[in-house]
Amino acid sequence: MKMWLKISVSVWITGIIIAGIAFPMVRGPHTWYEFPFIPGLEEKARNIIFHVPISWATVVAFIMSMYYGSMYLRKKDMDYDLRSVSSASLGLLLCVLATLTGAVWAKFNWGSFWNWDPRQTSIFILLLIYGAYFVLRSAIDEEERRATLSSVYSIIAGVTVPFFIFVMPRIMSGLHPGSLGDEQGKGPVLEFKMATNMLMVFFASLIGFTVLYFWMYTLKVRLMRIERHVQQITETE
Amino acid sequence: MKKLTFKSENISKLYNRKIIFEKISFLLNEGTAFAVTGKNGSGKSTLVKILCGVLTPTKGLIEFTVDGKLVPYPDYYPHIGLVSPYLNLYEEFSAEENLSFIMKVRSLGSESVQRAEMLLHEFGIYDHRKKEVKYYSSGMKQRLKYCAALLHEPSVLVLDEPSSNLDQYGIEAVRKFMKIQKQNGILIFATNDKDDLEFADTVYSVENGKR
Amino acid sequence: MTFITSYHIFIKEFVSEFRTRYALNALLMFVVTTLSIILFSIGKESPTQDILSGTLWIVIFFSAMSGLSRTFVAEEERGTSMTLRLLVNSSSVYIGKLFYNFILILVLSVIIGISYLLFIKEFTVKSFDIFWMTIFLGSAGLASASTILAAIIAKANTKGTLFPVLAFPILLPLLLTCINATKLSTEGAFMSEAVKEFQILISFTVVMVATSFLVFDFVWKD
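Residue numbers (the numbering used here), protein chains in the order written: chain G, 1 to 237; chain B, 1 to 211; chain F, 1 to 222.
Read the hints as simulated data drawn from the structure, not as lab findings.
Mixed in with the good hints there might be a few duds.
To be verified - A short list of chain G residues far from chain F (calculated; beta carbon distances all over 12 Å): (1) A22; (2) L93; (3) V104; (4) R146; (5) V230; (6) E235.
What the hints assert, rightly or not - Distance ranges between label pairs, derived from CB positions: (7) G/R74 - B/S25: 18 to 28 Å; (8) B/E111 - F/E76: 30 to 40 Å; (9) F/I11 - G/W114: 42 to 52 Å.
Beta carbons: idealized from backbone N, C-alpha and C, even for Gly.
Using the sequences and the hints given, assemble the complete structure.
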């Protein structure tokens with residue numbers, strides 16, 4: 001990544017963190033930096049600026065990992081496998097963060113850290129898939145075989161994900177906005193239609209976290225390439 | 001006799017980025033016997049597996065044509081017969097059942113029933129054909145593997161350590177079929193046995209990890 | 001051509017299973033053990049239909065996990081997988097093994113279903129058509145996902161505990177739907193009310209089989 005891009009991402013994310021945490025929430029906002037007060041969510045609404053973009057980046061990481069997995073199967077180039085693992089390991093980190101930020105929010109909004117809400121269940125299953133993916137990788141010694149089998153697994157796991165979208169809401173009533181069990185109809189997020197300034201911070205955060213993911217991803221890939229290279233040199237000596 | 005070519009072009013195999021062998025090239029036509037030698041651990045068996053299409057090479061190209069038609073790699077199974085220590089038959093089936101399973105899945109015609117009987121006779125296990133393979137001695141199993149590999153009259157016969165586990169009678173039977181194969185098709189075998197090597201038209205020595 | 005060879009592989013699996021009893025004996029004992037554990041733990045309590053529908057599918061899931069991986073692991077362990085690769089193309093192997101796994105798990109879950117109905121008095125199914133349809137479609141779904149996973153696991157170094165770990169997140173939508181449909185059958189719902197559940201089960205199976213069919217080649221020829 002170019003230097004100017006790195007600096008701007010850092011500034012961008014810092015700005016979002018400051019805005020997300022420090023902008024006051026008042027009834028009837030007057031100035032550009034005041035967020036509207038949302039009954040039922042209150043100050044907790046700030047989490048939307050962090051929780052949702054992280055969850056989004058988790059999904060991006062998973063799709064990238066699956067994409068490079070299928071590229072490996074087609075081209076049999078170990079570099080694709082390296083990219084697939086890099087993305088998956090970042091995805092695991094992001095998935096843990098999304099689960100934690102979600103659990104904290106759930107504790108203060110719904111009363112307990114874990115409610116088996118459809119979307120909570122889905123992120124938990126994504127966590128299980130990532131876990132299973134790394135368990136499978138550690139169970140295979142030969143590199144090519146490891147690459148092939150874990151790519152196949154991520155594809156198989158990937159095609160089941162759409163089922164969660166249809167299955168989960170049918171099985172359990174949801175607490176997230178927009179789900180079936182939500183009494184107020186559309187839920188707070190869609191109902192109050194985030195104020196323009198909050199919406200801007202939210203989308204800025206969405207972009208910021210996506211770019212941050214790609215930055216971390218390129219770093220991880222470079223690091224793993226170097227590691228692999230060093231390993232190769234030490235082995236041949 | 002079918003026109004056959006079997007070409008290996010610069011094939012290399014890496015295992016966890018360690019080189020097992022590098023740049024192996026040769027060209028075989030029908031009516032040849034090709035021997036692969038090398039120390040233990042030099043990658044003879046790996047090379048044999050790659051030639052049969054059960055392992056893929058890391059680099060390089062393998063081309064196999066039958067009557068001028070290119071057979072897509074790695075689906076060589078209709079044309080190849082392989083006998084090797086790591087290739088087992090179903091232990092819970094008798095010799096006859098194993099062979100009839102092979103006939104069915106390979107969709108061989110009814111004339112292969114006679115061929116199976118002939119092979120069982122030739123390798124001296126006809127009297128044990130109804131016994132389950134798990135009761136066989138290792139020599140008898142080796143003989144049965146030959147029957148299984150020769151059943152569909154393969155264009156290319158690949159043998160990994162052809163005379164292992166065999167007594168004098170078994171070795172003679174194997175030699176006989178090696179001779180026939182050499183006349184009718186391609187014979188590839190991996191061995192360190194001096195007597196076996198006399199069959200080869202060309203001997204290829206796999207050097208271990210040297211670059 | 002492919003279907004004929006698949007059929008022969010299917011038959012071979014059955015005869016082989018019948019002679020070696022690799023999976024069947026252990027599986028039947030597994031069913032007996034888990035059912036008696038459930039009976040002991042119920043004791044004099046009267047659990048709800050929801051809980052009983054859940055435990056039914058727990059028993060089916062874990063017996064499938066202990067039995068279905070055998071098809072590929074046994075080939076790998078006995079050194080016959082390479083033999084098979086030199087005999088037939090990979091799609092015939094996949095189809096043959098898929099149908100074998102399906103029949104095995106279907107027989108198993110029918111046995112589990114019958115003994116569940118016989119021994120657990122609190123479990124009252126009112127709509128038998130929904131109940132048996134769920135057992136049938138659930139078995140198909142279980143077989144579709146576990147066949148490709150079994151092929152993956154057979155190539156790994158540690159095979160024992162890997163199967164349930166890999167299978168659980170993938171099979172969860174299927175299991176949840178099956179539990180839901182079983183609940184409906186205990187509530188005496190009409191067939192038309194369970195159509196959505198059946199659609200999910202069928203589409204899961206179709207998607208799984210189609211994807212596995214495309215990627216099986218990579219696993220089998222590795």
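Do the hints match the structure? See the list:
Distance check on G/A22: its Cβ is at least 39 Å (rounded) from any Cβ of chain F, clearing the 12 Å threshold; non-interface status holds. Even its closest Cβ contact with chain F, about 18 Å, leaves G/L93 beyond 12 Å, as expected for a residue assigned away from the interface. Consistency note on G/V104: stated as away from chain F, and its beta-carbon is indeed over 12 Å from all of that chain's, at 24 Å minimum. Distance to chain F contradicts G/R146 as a non-interface residue, since its nearest Cβ pair spans about 9 Å, not more than 12 Å.
Every C-beta of chain F lies more than 12 Å from that of G/V230, the closest at about 25 Å, which supports listing it as non-interface. Even its closest Cβ contact with chain F, about 20 Å, leaves G/E235 beyond 12 Å, as expected for a residue assigned away from the interface. Distance hint check for G/R74 and B/S25: the Cβ-Cβ separation is about 27 Å, which falls inside the suggested range of 18 to 28 Å. In this structure, B/E111 and F/E76 meet the distance hint of 30 to 40 Å, their C-beta atoms being roughly 34 Å apart.
Under the hint 42 to 52 Å, the C-beta atoms of F/I11 and G/W114, about 49 Å apart, fit the expected range.
The structure is inconsistent with hint 4 alone, although it conforms to all the rest.
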